Amino acid sequence: MHHCSASSEGVAVHGLTREQTLAVNANVIETFRANGGEMPEGHPLHGNPTLLVTMSGARSGRTLTSPLSYTPDDDAFIVMASAGGSPTLPAWAHNLRANPEVILEVGAETFPAHAEETVGSDRDRAFELMTNSLPRFADYQASVERLIPLFRLHRR
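For the sequence shown, the working numbering begins at 1 and goes up steadily by one.
Don't read these hints as lab results, they were simulated from the structure. A few of these clues could be false.
[What the hints assert, rightly or not] The calculated label-pair distances, taken between Cβ atoms and stated as ranges, are: (1) 124 - 61: 32 to 38 Å; (2) 145 - 97: 28 to 34 Å; (3) 156 - 62: 20 to 26 Å.
Only a predicted model underlies this, so the values are computations on that prediction, with no experimental measurement involved. Where is the CB? At the ideal position from N, CA and C, for every residue including glycine.
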């Protein structure tokens with residue numbers, strides 16, 4: 001079993017303290033794994049496509065797991081480094097840039113993957129896919145001045 005730690009290196013989800021974000025993430029990770037990769041009815045993320053990405057910390061080298069919303073893209077998964085509309089990049093995005101080889105948990109499956117940051121027209125396409133399936137992400141981009149990065153996670 002992977003060490004279930006959200007990153008202590010970065011920022012909190014917008015509107016929450018770092019400690020609150022860590023507690024929320026730990027709950028989501030535990031619930032996801034206890035329910036075969038699904039968020040059960042009654043959970044705030046029920047019906048939201050959620051995956052877990054386990055990566056190495058960019059600075060610490062520690063094994064860290066983050067729950068992320070995603071949208072499928074053929075045989076890959078698109079994730080957006082929005083931090084809930086925070087003006088600051090989430091730590092997991094720094095980690096993926098530094099260490100793109102990750103472990104994904106999607107549904108009941110666990111497998112190695114490679115993270116690739118999207119750029120240019122590929123980013124535009126990924127943004128359109130993400131915001132068509134999860135419209136709140138368009139609001140996150142509109143609420144910040146930074147260009148929110150999107151990553152494509154490819155099964156290895």
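Checked hints:
no. : hint                 : verdict
1   : 124 - 61: 32 to 38 Å : 34 Å, holds
2   : 145 - 97: 28 to 34 Å : 20 Å, violated
3   : 156 - 62: 20 to 26 Å : 22 Å, holds
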